[in-house]
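Asker: Here are the chains, one letter per residue:
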Amino acid sequence: MVPQTSALLEGLPEGLPQQVELKEVPFFPQAEYQCGPAALATLLVSSGVSTTPEALVPQVYLPARKGSLQVEMLAAARRHGLVSYQLAPSALDVMRELAAGTPVVVLQNLGISEGWHYAVAVGYDYKLGMMILRSGTTEREEMPFAVHEMVWKRSGYWAMVAVPPERIPVTADEARWLGSLVAFERLNEPRKNRLAYAAFLERWPGNVNAAIGLANAHHALGELPQAEKVLRGALARSPDSAIVLNNLAQTLSDQGRDAEALPLAERAVAAGGPHAAAVRDTRDGILKKLGRSVPGTEPQKN
Amino acid sequence: MKTVWTRTICRLLVALMIWAPYHIAQAGMIGAEQAAAATQAASNAAADRSTVVNYLSRGEVASQLQSLGIDPSTAQARVAALSDQELQGLAQRIQAMPAGASDAGAILLLLVVIGVVWWFFFRK
Chain A
1 MVPQTSALLE
11 GLPEGLPQQV
21 ELKEVPFFPQ
31 AEYQCGPAAL
41 ATLLVSSGVS
51 TTPEALVPQV
61 YLPARKGSLQ
71 VEMLAAARRH
81 GLVSYQLAPS
91 ALDVMRELAA
101 GTPVVVLQNL
111 GISEGWHYAV
121 AVGYDYKLGM
131 MILRSGTTER
141 EEMPFAVHEM
151 VWKRSGYWAM
161 VAVPPERIPV
171 TADEARWLGS
181 LVAFERLNEP
191 RKNRLAYAAF
201 LERWPGNVNA
211 AIGLANAHHA
221 LGELPQAEKV
231 LRGALARSPD
241 SAIVLNNLAQ
251 TLSDQGRDAE
261 ALPLAERAVA
271 AGGPHAAAVR
281 DTRDGILKKL
291 GRSVPGTEPQ
301 KN
Chain B
1 MKTVWTRTIC
11 RLLVALMIWA
21 PYHIAQAGMI
31 GAEQAAAATQ
41 AASNAAADRS
51 TVVNYLSRGE
61 VASQLQSLGI
71 DPSTAQARVA
81 ALSDQELQGL
91 AQRIQAMPAG
101 ASDAGAILLL
111 LVVIGVVWWF
121 FFRK
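In order, the protein sequence lines correspond to chains A and B.
Residue 302 is where the first sequence ends in my numbering, and the numbering goes up by one at each step.
Residue 124 is where the second sequence ends in my numbering, and the numbering goes up by one at each step.
What the hints contain is simulated information worked out from the structure, not anything from laboratory work.
Note that the Cβ used here is the ideal one computed from N, Cα and C, for glycine as well.
A few of these clues could be false.
Chain A side only, calculated, beta carbon under 10 Å to chain B, not exhaustive [said to hold, decoys possible]:
#: 1; residue: A64
#: 2; residue: L69
#: 3; residue: M73
#: 4; residue: L74
#: 5; residue: V147
#: 6; residue: L178
#: 7; residue: Y197
#: 8; residue: A199
#: 9; residue: P205
#: 10; residue: V208
#: 11; residue: A249
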């Protein structure tokens, strides 16, 4: 019934303290049905964002559902310059994040038909077997591990954190953190994206997609030599990536180095893949700048 | 008939408004989101299809949000905050997804549950 709690009772994994409580995490007692905005405000304010549950209501609350959707909780945090990340469905991961100083929003089901409820885990006491939460109108709720697991399990152990882009959660998985950054990127300015991808590459230096993200942030900021450097590094690791080749060719072309860009663009076209059309456009643009004819646009001979 | 057309046009406009900002990207540069998606999409067709699907579902999700009591400009901003991946299937599942709410009755029941579980697991 409570497999994670049973495993926990066998012993606490090394490196996790017996007791953690993030006392400085603020408390926002929820208004009726509005645990989503209250829980989210708790996370955002503890990450240094200045906001209130009332201000978050129009960003996450659905009047007709009298509640807030999980994807919108994740999305709203991004609108405030934080990267949101859904944790792996594991109580230990929640405890690891707490031990690292990061509060965690969990989705519980408290029993009645629509008993979905967001609460914020702020600590635990292993000896007493208690999770410590900010929940509803209770500032400090102690809930036995087993009870917490029962009400949390019903959401598939759904849990999220929201952190500044340079602070990667300790339990983050490479591919899923990249997914979080990609979602973050579309809403935030290049300066923040540059910070986010640079931190990513510090932790996982070999990730080509993150290098593409960092280079694009440099490019958007007009830092073309830096973009070039990052893309050359990525190309060394992934010589057949049509996207790296394309972006490098474009970056060189933007620096007026079209002759150097052309062979890279040709390689990108030859590599094919799902972005073939965009890649051909890049190549054709370079050909035009060099004053050469573009394949497929020559006058037809009869 | 007129309302059907109005609805369709509204949806299209919402979709266009939401879609537009993200496609005035830097000329010639392909983004990390496309790169990450390309890792999954195996072919040109798949990539093209997902672009179309995302385009349509942004409008669809925005109108779903409106039907759940959100005004159009707020709905637009909320849809814009979703990633392509989050968007997938949201339009179809939005009514069935759990929405964290909690009311006093549920919390009362929780207290009973806590009591029962406490009794079974922790009595010595």
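Asker: Are the hints correct? Go through all of them and say.
Answerer: These are the hints, each one checked on the structure:
Of the supplied interface hints, the one on A64/A holds, with its beta-carbon coming within about 4 Å of a beta-carbon of chain B, less than 10 Å. For L69/A, the interface hint holds, since its Cβ comes within 10 Å of a Cβ in chain B; the closest pair sits about 5 Å apart. For M73/A, the suggested interface contact is upheld, since its CB lies about 8 Å from the closest CB of chain B, less than 10 Å. Among the interface hints, the one on L74/A holds; its C-beta lies about 7 Å from the nearest C-beta in chain B, closer than the 10 Å criterion.
Below 10 Å, beta-carbon pairs count as interface contacts, and V147/A has one with chain B at about 5 Å; its hint therefore holds. For L178/A, the suggested interface contact is upheld, since its CB lies about 6 Å from the closest CB of chain B, less than 10 Å. The beta carbon of Y197/A comes within 8 Å of a beta carbon in chain B, closer than 10 Å, and the hint placing it at the interface holds. With 10 Å as the threshold, the beta carbon of A199/A stays out of range of chain B, its nearest partner Cβ sitting at about 14 Å, so the hint is violated.
Annotation: P205/A was flagged as interfacial toward chain B, and the flag is violated, the nearest CB pair being 16 Å apart, outside 10 Å. Because the smallest distance between the Cβ of V208/A and any Cβ of chain B comes to about 8 Å, under 10 Å, the interface hint for this residue holds. A distance limit of 10 Å between C-beta atoms decides the matter here; for A249/A the minimum to chain B is near 8 Å, and the interface restraint holds.
Taken one by one, the earlier hints fail for this structure at numbers 8, 9, listed in ascending order.
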